[in-house]
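Join the two chains, each given in its own frame, into one complex according to the hints.
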Amino acid sequence: MGHLSYEDSKKRVRYGLYLLAIVTLVEVFISLFGKGHIIPGMHSISFVVYAAGFIIIVLSLYKAYFIIYEFMHMKYEVKSLAMSVLLPTTLLIWAIIAFLQEGGSWEARRAQIRDKHAIPAQQIQDAGHDEGHGMINPIEEDDVYVPELES
Amino acid sequence: MATTEPIIEQEEIQNQGDAWSGGKEPFKASYGKLMMWYFLLSDAFTFAGFLIAYGALRFSSPTWPVPDFVFQTHPFGDSHLPLIFVTIMSFLLIVSSVTMVRAVQEGHRENQKGVVFWMLMTIIGGAGFLSCQAWEWTNLIATEHMTVTTNPFGSHVTDGVYIDDEHGHPYASGEEAETFEAGDSYLIHKGVDEHTGESSWIQRRFSFTTEDGQEMIGQQQFGPKAFGALFFFITGFHGFHVFSGVVFLTIICVNVASGLYVKRKNGYEMVEKIGLYWHFVDLVWVFVFLVFYLL
Numbered sequence: 000m001g002h003l004s005y006e007d008s009k010k011r012v013r014y015g016l017y018l019l020a021i022v023t024l025v026e027v028f029i030s031l032f033g034k035g036h037i038i039p040g041m042h043s044i045s046f047v048v049y050a051a052g053f054i055i056i057v058l059s060l061y062k063a064y065f066i067i068y069e070f071m072h073m074k075y076e077v078k079s080l081a082m083s084v085l086l087p088t089t090l091l092i093w094a095i096i097a098f099l100q101e102g103g104s105w106e107a108r109r110a111q112i113r114d115k116h117a118i119p120a121q122q123i124q125d126a127g128h129d130e131g132h133g134m135i136n137p138i139e140e141d142d143v144y145v146p147e148l149e150s
Numbered sequence: 000m001a002t003t004e005p006i007i008e009q010e011e012i013q014n015q016g017d018a019w020s021g022g023k024e025p026f027k028a029s030y031g032k033l034m035m036w037y038f039l040l041s042d043a044f045t046f047a048g049f050l051i052a053y054g055a056l057r058f059s060s061p062t063w064p065v066p067d068f069v070f071q072t073h074p075f076g077d078s079h080l081p082l083i084f085v086t087i088m089s090f091l092l093i094v095s096s097v098t099m100v101r102a103v104q105e106g107h108r109e110n111q112k113g114v115v116f117w118m119l120m121t122i123i124g125g126a127g128f129l130s131c132q133a134w135e136w137t138n139l140i141a142t143e144h145m146t147v148t149t150n151p152f153g154s155h156v157t158d159g160v161y162i163d164d165e166h167g168h169p170y171a172s173g174e175e176a177e178t179f180e181a182g183d184s185y186l187i188h189k190g191v192d193e194h195t196g197e198s199s200w201i202q203r204r205f206s207f208t209t210e211d212g213q214e215m216i217g218q219q220q221f222g223p224k225a226f227g228a229l230f231f232f233i234t235g236f237h238g239f240h241v242f243s244g245v246v247f248l249t250i251i252c253v254n255v256a257s258g259l260y261v262k263r264k265n266g267y268e269m270v271e272k273i274g275l276y277w278h279f280v281d282l283v284w285v286f287v288f289l290v291f292y293l294l
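If you're matching them up, the sequences are chains Y and S in order. Numbering-wise (numbering that gives the first Met the number 0), the first sequence opens with residue 0 and increments by one. Numbering-wise (numbering that gives the first Met the number 0), the second sequence opens with residue 0 and increments by one.
Derived by calculation from the structure, the hints in this document are not laboratory data. Beta carbons: idealized from backbone N, C-alpha and C, even for Gly. Honestly, I wouldn't trust all of these hints.
In silico contact screen, one side only, chain S against chain Y (beta carbon under 8 Å); selected entries [claimed, not checked]: (1) 26; (2) 27; (3) 43; (4) 55; (5) 56; (6) 58; (7) 67; (8) 82; (9) 89; (10) 93; (11) 108; (12) 278; (13) 286; (14) 293.
Far from chain Y by the CB rule (all over 12 Å, computed), these chain S residues [said to hold, decoys possible]: (15) 76; (16) 132; (17) 134; (18) 146; (19) 240.
So here's chain S without its partners, still in its complex pose (with noise of 0.2 Å):
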């Protein structure tokens, strides 16, 4: 008996033309959930493939932005709090990630009402946290003027002092001088000119004192070129992704809604496998947290 039991099993299966439509599914899953994964797994390392060209561009580069000095900025008011609007929304898609659990876990008791519920708060989360990356995006092009060429985010390489452009000598008339270290980041703003009425970069002097004690002049250089480049492109695609999910979240809750899904009895699975797409947008996230604004 024990012998010929495989051989049985072997022949099953090469009568099967499809072998999700026999009675066994691969792997215990059905065939959407399973080549979801997989997907996933394809797209994790595209990802992947963004974050570690971030990290080594960032190690081939002498100066790099400090994260907490680019993400100080935040919609309530002029105060800089470093990291903080970013932390509100991985807020947003981690609990928006909860949500979808639960809509999840009410498509398994095959409560309709519960799924619409749940899912409606998931895309409100997801819409929220695309409205705060909006905002975000729109701060660093029209206010901070960064492009995918131009970063005007740029650090230090040595300590030094700024200079008053008219006088030639530091802010030390009255006011104390306005001093930093190496690593300091700077933000290159740009200023209307008086006499021609365009706008330029103003990249602010300063002294600083040479390793052999010599007094020297440097001024604001513009920080590495790509930071802005993957900025755009990550988070962007990130948020692509975010906003794909969003769309067809929708859509299916308007066929669970619909009532759709009560016909297939199979335990809203949709809601399953959209569900395991929008936790993945939140894993991603995950590590664009790392590695774009906590490292």
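Isolated chain Y (complex conformation) (with noise of 0.2 Å):
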């Protein structure tokens, strides 16, 4: 503070509040295009759902830049307390690739044992070459059907 006079100080955060609205609105709108809700059938075109995802996200960390830097006053402040403030969150940055990297992983091992569940009793012994790994050979998808997801 102290750097705008108050009249200006005062525009700023009527700048403030239109901007977070307007960018809310459009993440809103964004998501729900994405969605398939304004245009029907966008949500089955992978490439707009992945990019009004990653569009989403950019606004969101954009919201949260403004928050910090101008509602927070974090501009004010000197510049080793706003490094000491933010660059441990930067350690998020690798959390947030192991652990989606290990929910997808999670997800393909569930789905292998889903479908060696379906795999009737004859049809092991018949394919039962497992080359000494304890492990099944994976058998033509055409053999099993799995009807629905087991809960």
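Structure (structure tokens):
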């Protein structure tokens, strides 16, 4: 504070209100667009879904930046204070990458187990040359059908 | 001169028992403000942990309830408006954040009445947000029967058509057949059994065609269990932050009104500190809104 006159800082606050409100509206619009609510069928185009997700994330990060730097006055703090608060959060970048990767891996593993459960015992014996790995060879997709997901 | 200066400075620091009681403040920030920043940093990690857990569990599940289907109810009628109610909640929080900035500004001008007014506006905004959340939770628990361990929001994995339980064929008699696509979400309702009077889940049946052209009958399955737990814990934890914020805002507002901070002559620093916390609550909501509702 003290960098702007009282009137100017009041104006700045109003600008912040409009900015955050409009960015939020745009986010909701893009989210609904990506889910196919505005133009039907958009949610089945994976590029649209990913692009919408990417834009929403970028806009949210911009909102976070604005709240921290303007509303919380990080802009007016000394740089070392800002860095001591902001730099540790970069650890989260790896946490996000690692845990999402982990989540994807859990899904793949579950699907593998589910597929094996669906194999009738007879077929396991027929295809039972597990080559000493303790694993059953994957069988052709046509042999078995998994009707619905087990909860 | 240039070589002796740092040594003198160092001695000064060593002689200060408390670094904040000297003339200079570390980082040019008061102890209270700096510690508020570090508290918020640690809180940010807690929320990040929750939201990353949400992401990992969502990725680990073959299907996930579509948020714009789950969050499409609102208290203004029976029509379905995806995400609109939660957008209103976001606005409430944004507006209360803005009024908080105004309160801090008035504090710097030592304008007691202005601080009280804008803090009251902030409290109203926070209380409004909490009320909306209370409605959202009540609706999910009482009307849609979602609990920490039960998630009646499922998603279809195939295209298909719902069938009539009595006759076993699609609703073709005069009405249009009710079809769905893979990825569409549904809500399993609860109904009261005519004979026993007990309420039970109604898992509708549908017919679908397998990849090799076989016609099969399926039944609606419950969605991933983690969804309910994650929703209630994450939005609950955030709501608890908002609630604590409203409590502290109220206490500080009363203190401002009683003239306690006038004597301190530090530009209402206490208002600034609770302001930091309040903006942080808004900041977290940006990400809860992103992860839970938008993506």
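Right, here's what the structure says about each hint:
no. : hint : in the structure
1   : 26   : 4 Å, holds
2   : 27   : 5 Å, holds
3   : 43   : 6 Å, holds
4   : 55   : 4 Å, holds
5   : 56   : 6 Å, holds
6   : 58   : 3 Å, holds
7   : 67   : 5 Å, holds
8   : 82   : 6 Å, holds
9   : 89   : 5 Å, holds
10  : 93   : 5 Å, holds
11  : 108  : 7 Å, holds
12  : 278  : 5 Å, holds
13  : 286  : 7 Å, holds
14  : 293  : 4 Å, holds
15  : 76   : 18 Å, holds
16  : 132  : 17 Å, holds
17  : 134  : 19 Å, holds
18  : 146  : 15 Å, holds
19  : 240  : 15 Å, holds
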